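*Asks:* When you get a sec, could you build the whole thing from the sequences and use the hints?
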Amino acid sequence: MFFCRSLSTSQALVVKTPSYPCADHSFTSLQQPRYSSSSPPPSGSRSYPTHHRMKISLALSLSAALTAASFSQPLTRTTVATDLEDAMAFDIAPDGDIFLTEREGRLLRVRPSTGGIFEVAKIPVEHLKKTDRNSPYAREDGLQGIALDPDFAKNGHVFLYYSHPEKLVNRLARFTIKDGVLDLATEVIVLDVPIERANKVCHHGGALEWGPDGLLYLSTGDNTNPFETDGYNPVDEREGHEYANALRSAGNTNDLRGKILRIRIKPDGTYSIPEGNLFKPGTPKARPEIYVMGLRNPFRFSVDSKKGTLYWGEVGPDAGKDSDRGPMGYDEVNQAKKAGFFGWPLIIADQKPYSKYDYTTKTIGEKHDPAAPKNTSRLNT
1 MFFCRSLSTS QALVVKTPSY PCADHSFTSL QQPRYSSSSP PPSGSRSYPT HHRMKISLAL
61 SLSAALTAAS FSQPLTRTTV ATDLEDAMAF DIAPDGDIFL TEREGRLLRV RPSTGGIFEV
121 AKIPVEHLKK TDRNSPYARE DGLQGIALDP DFAKNGHVFL YYSHPEKLVN RLARFTIKDG
181 VLDLATEVIV LDVPIERANK VCHHGGALEW GPDGLLYLST GDNTNPFETD GYNPVDEREG
241 HEYANALRSA GNTNDLRGKI LRIRIKPDGT YSIPEGNLFK PGTPKARPEI YVMGLRNPFR
301 FSVDSKKGTL YWGEVGPDAG KDSDRGPMGY DEVNQAKKAG FFGWPLIIAD QKPYSKYDYT
361 TKTIGEKHDP AAPKNTSRLN T
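Those letters in the sequence shown? Residues 1 to 381, by our numbering.
Hints listed in this document are in silico derivations from the structure and should not be mistaken for laboratory results. Predicted model only: the values in this text are computed from it and were never measured. Fair warning: there could be bad hints in the mix.
[Claimed, not checked] Lysine to aspartate or glutamate pairs mimicking EDC-like chemistry, simulated, CA-CA at most 20 Å apart: (1) Lys362 / Asp230; (2) Lys167 / Asp192; (3) Lys367 / Glu237; (4) Lys321 / Asp331; (5) Lys129 / Glu196; (6) Lys356 / Asp230; (7) Lys337 / Asp350; (8) Lys129 / Glu104; (9) Lys338 / Glu275; (10) Lys167 / Glu196; (11) Lys129 / Asp192; (12) Lys200 / Asp213; (13) Lys178 / Asp149; (14) Lys200 / Glu239; (15) Lys362 / Glu242; (16) Lys122 / Asp151; (17) Lys154 / Asp192; (18) Lys352 / Glu366; (19) Lys321 / Glu366; (20) Lys367 / Asp324; (21) Lys306 / Asp213; (22) Lys321 / Glu239; (23) Lys352 / Asp331.
*Replies:* Here you go:
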């Protein structure tokens, strides 16, 4: 998997990210954009706003269009850093230096002009040990996203998203870099996302991006085990199988997982809720930080620098064919021009619904209604 950022009309930076033991997917299709309709708060058993979706027939047409629109001349490859260990994400400082995170906790500064690589900090994180790749615990944890403050050249602030080594949270925090070194004592906790780590749960998202409106966006995954549901949507209601039910996370308006969050950072490191998020502050059983929800694992995303439109990819589940339980696995490219619900784990691709399914009796029920999806799970808090 690769993470790319445009540097100019003639340059782009690409970092190869690691393959995880949670590679539960196969690339089966490319789906595009679900355009958000109105987004009223859910009521009753938690119904959601719907989206209209359009399919792109060829991934090549999308990539070709992006290349033609973004770069004024053909790209050539120049290696600026090697021997990285599980590189995860990066951001680029005003002076052209690259700040890069590694999953096991190192924050590096790469100087393309000289090829120098400097360790800025070692962040204590929970992560899967290389010697224990088959462990059922902490399979995708570690140091994840990074976003330099828009005024980084003046204040040295950097925002990191990482798996706390002692608490069951993924933490968004602000640190300060001074004289080339990040002091751990400067940490200001912005937001904790409660998570689970046992039972082979996967999907943490972890990307950070600034929008043109000065808002900070953070992606989170559904934090769910994808291996025990036959390649279909994980909605296991049995006692003791909560870890295999994304209705507790991605489909839950009162949970921060399986979402892209949007907040406005204040000078002291706290945050406020901007206008236009999915739920207003004070909405019962709903987190106001949520911008879009119903996501499986938005590992990386991008915000249009002019219009503020949000784009992200979703790797789908493993089902190899359609059945009475639901559709085969689809990968998606999604677009959000406004806040909304994007279907998972009830709907996938271009409005393809899953059926209700009883894991105890193996009984297949009626299909979910794409026009009015409802979360009736006992885990919907």
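*Asks:* With reference to the structure, classify each hint as holding or not holding.
*Replies:* Checked hints:
1. Lys362 / Asp230: holds, 12 Å
2. Lys167 / Asp192: Within the cut-off at roughly 10 Å; holds.
3. Lys367 / Glu237: This hinted pair holds, its Cα atoms lying about 17 Å apart.
4. Lys321 / Asp331: Roughly 14 Å between the alpha carbons, so the hint for Lys321 and Asp331 holds.
5. Lys129 / Glu196: Holds, at about 17 Å.
6. Lys356 / Asp230: holds, 14 Å
7. Lys337 / Asp350: Cα-Cα ~17 Å, so holds.
8. Lys129 / Glu104: Measuring from Cα to Cα gives roughly 9 Å; hence the hint holds.
9. Lys338 / Glu275: holds, 11 Å
10. Lys167 / Glu196: holds, 10 Å
11. Lys129 / Asp192: Given pair Lys129, Asp192 is violated - Cα atoms ~23 Å apart, limit 20 Å.
12. Lys200 / Asp213: It is violated: about 37 Å lies between the C-alpha atoms, which goes past 20 Å.
13. Lys178 / Asp149: It holds: about 14 Å lies between the C-alpha atoms, which stays within 20 Å.
14. Lys200 / Glu239: holds, 17 Å
15. Lys362 / Glu242: Given that 20 Å is the threshold and the Cα spacing comes to 17 Å, the pair holds.
16. Lys122 / Asp151: Status violated; Cα separation ~23 Å.
17. Lys154 / Asp192: It is violated: about 27 Å lies between the C-alpha atoms, which goes past 20 Å.
18. Lys352 / Glu366: holds, 13 Å
19. Lys321 / Glu366: holds, 19 Å
20. Lys367 / Asp324: holds, 9 Å
21. Lys306 / Asp213: With Cα atoms ~9 Å apart, Lys306 and Asp213 stay inside 20 Å; holds.
22. Lys321 / Glu239: violated, 29 Å
23. Lys352 / Asp331: Satisfied, since the Cα-Cα distance of roughly 13 Å is no more than 20 Å.
In the structure shown, a violation is registered for the earlier hints numbered 11, 12, 16, 17 and 22, in ascending order.
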